[in-house]
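Engineer: Residue strings, one per chain:
Number of protein chains: 2
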Amino acid sequence: MNGTPLTLTPLRKVTVVRVGRTAQTGPEDVAAAEEPLDVRLQGQSFAIIMRTPGDDRALAAGFLYSERVVRNADDIGAVEHCRHPDQSKAHHVVNVFLRGNAAEEAVRHLDQRRRVVANSSCGVCGRTSIEDLRSDIPPLTAGLRVDAAVISALPDALRERQATFEETGGLHGAGLFDSSGAFVASAEDVGRHNAVDKVIGGMLLQDRLPLPDSILMVSGRVSFEIVQKAWLAGVPVLAAVSAPTSLAIDLAREAGITLIGFVRNGGFNIYAHEVRIVGV
Amino acid sequence: MNGTPLTLTPLRKVTVVRVGRTAQTGPEDVAAAEEPLDVRLQGQSFAIIMRTPGDDRALAAGFLYSERVVRNADDIGAVEHCRHPDQSKAHHVVNVFLRGNAAEEAVRHLDQRRRVVANSSCGVCGRTSIEDLRSDIPPLTAGLRVDAAVISALPDALRERQATFEETGGLHGAGLFDSSGAFVASAEDVGRHNAVDKVIGGMLLQDRLPLPDSILMVSGRVSFEIVQKAWLAGVPVLAAVSAPTSLAIDLAREAGITLIGFVRNGGFNIYAHEVRIVGV
Chain A
3 MNGTPLTLTP LRKVTVVRVG RTAQTGPEDV AAAEEPLDVR LQGQSFAIIM
53 RTPGDDRALA AGFLYSERVV RNADDIGAVE HCRHPDQSKA HHVVNVFLRG
103 NAAEEAVRHL DQRRRVVANS SCGVCGRTSI EDLRSDIPPL TAGLRVDAAV
153 ISALPDALRE RQATFEETGG LHGAGLFDSS GAFVASAEDV GRHNAVDKVI
203 GGMLLQDRLP LPDSILMVSG RVSFEIVQKA WLAGVPVLAA VSAPTSLAID
253 LAREAGITLI GFVRNGGFNI YAHEVRIVGV
Chain B
3 MNGTPLTLTP LRKVTVVRVG RTAQTGPEDV AAAEEPLDVR LQGQSFAIIM
53 RTPGDDRALA AGFLYSERVV RNADDIGAVE HCRHPDQSKA HHVVNVFLRG
103 NAAEEAVRHL DQRRRVVANS SCGVCGRTSI EDLRSDIPPL TAGLRVDAAV
153 ISALPDALRE RQATFEETGG LHGAGLFDSS GAFVASAEDV GRHNAVDKVI
203 GGMLLQDRLP LPDSILMVSG RVSFEIVQKA WLAGVPVLAA VSAPTSLAID
253 LAREAGITLI GFVRNGGFNI YAHEVRIVGV
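Those protein sequences? They're chains A and B, same order as listed. Under the numbering used here, the first residue of the first sequence carries the number 3, and numbering increases by one thereafter. Under the numbering used here, the first residue of the second sequence carries the number 3, and numbering increases by one thereafter.
One or more of the hints may lead you astray.
The list that follows gives simulated cross-link-like pairs (lysine to aspartate or glutamate, EDC-like), each with its CA atoms no further than 20 Å apart [said to hold, decoys possible]:
(1) A:Lys91 with A:Glu106
(2) B:Lys91 with B:Glu69
(3) B:Lys15 with B:Glu30
(4) A:Lys15 with B:Glu256
(5) A:Lys15 with A:Glu30
(6) B:Lys15 with A:Glu276
(7) B:Lys15 with A:Glu256
(8) A:Lys15 with B:Glu30
Keep in mind the hints are simulated off the structure, nothing from the lab.
Extracted from the complex, chain A is given alone in its bound form:
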């Protein structure tokens, strides 16, 4: 890192030259920290994730859950930061040790990733690979009902938990709430997907998956992958401050997920499975 110390907190002080900002003249500002996390599986590097430090163990667990390397809490023997004596480096490595069959499957999984890259041919025109992106789990049928007023209140409830975002404007947030709107968990990260992985990974480490009475609220837009993560975690209601993509809508309809976008100014749009929202 050429002498720049690795950051261990979600914020870092930076010097800044302000132009046309008479109200703020200080030469110091804070930026959302972004550092690479090396996720190791059975001691081997599995992925490098650019992330905001904090909740690293939950992030590693949630990432491996989304990648379907880990299916449930029982698969995990240990999730721990590297014990290397140089802590400034060790904090950017998380070792995950799987148990039993999951450990063997992890090795196969690595081989499979390789095979997917190598074997697709133009004859199938991407179909095999593209279908690989989808879940093979059944649609969610959770019968929870959520009051429209609960949905409208979620952005403020999430923002209250997002201390860093307020300071830097640079972080995505994800929050888990129950069907009455009560706060369950939240996380923030420079990466939209990471924030969701941290929240879901934290619940996984507590063996609290699936989450049939839950609402996942995200601060930005909703892409395909966010819906996929909600599906895998069994979260039946997904809401966002901004827009969903077309494929996010398709997948939510297929997954039995109530998908809500543009939650702002007291209103919102429902794109899929509106039956769970009452008092509309």
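With chain A held as given, fit chain B onto it using these hints.
Structural biologist: Relative to chain A, chain B alone:
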């Protein structure tokens, strides 16, 4: 895709239930399209990119440039959509055929990616892999000077080109301008990185890299990877509507890139190499 036709345009009509929005009562809305693109190298699947259809050839070229599989326009023999008779599928596959040594190196590159995953051990605590994320090219020394008023005008100039964003609020934009603020190229995508890859890939296909007299303006935040892409393309000034991350700032300082954030309301913050901005 279970009967849902693949989308070939950046927008798709969707049905929506509006709650608390008396002003907009129509049951139809448009969403930013998101579909997987299979980038094939010498006929083999190299990566699946979730992207907004449009500028697919530029995206494939820019992506491979960022991955350093392609070093310049001469490396590229052809970049073309798949010719499979089923056009709804073929539009989501781009075949890239490399020439000469680049073709051989591409195969080695695939092997290398595999080796990086397999060989890191906890002894180096991620250092090797993390250093792999950085560029080995020299810092940019381009001597261009840009008036502060040019920077302040960029968000509006970019927004004028972003027809889809206005309609859906769901797309990131990236625009290339010269040092006088004149428009050169732009692209939009659900993925922040994709929008940049499309712009840079388009210039690559026209053999117009590097870009020493250019400013790259992006609609959202600036992460490490965006700075890396600007560096590789030789773009010396990078500006964003929102915040940079800490690692983006570190890398810009190292890369000789002028990094500007929070370009809004007539002002902005400079985080690195402010010497290129005049009239402050």
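Engineer: Each hint should be assessed against the structure and marked as holding or not.
Structural biologist: Outcome of the hint check:
The straight-line distance between the Cα atoms of A:Lys91 and A:Glu106 is roughly 28 Å, outside the 20 Å bound, and the hint therefore fails. Annotation: proposed proximity of B:Lys91 to B:Glu69 is violated, straight-line Cα distance about 25 Å (limit 20 Å). Only pairs whose Cα atoms come within 20 Å are accepted, and B:Lys15 paired with B:Glu30 is accepted, the gap being roughly 7 Å. Distance restraint check for A:Lys15 and B:Glu256: the Cα-Cα separation of roughly 17 Å lies within the 20 Å cut-off, and the hinted pair is therefore satisfied.
Straight-line distance between C-alpha atoms of A:Lys15 and A:Glu30 comes to about 7 Å, which keeps the hinted pair within the 20 Å bound. Of the supplied pair hints, the one linking B:Lys15 and A:Glu276 holds, its CA atoms being roughly 18 Å apart against a limit of 20 Å. Restraint check for B:Lys15 and A:Glu256: the C-alpha separation of about 17 Å stays at or below 20 Å, so the hint holds. Pair hint A:Lys15 plus B:Glu30 does not hold up; C-alpha atoms about 46 Å apart against a cutoff of 20 Å.
In the structure shown, a violation is registered for the earlier hints numbered 1, 2, 8, in ascending order.
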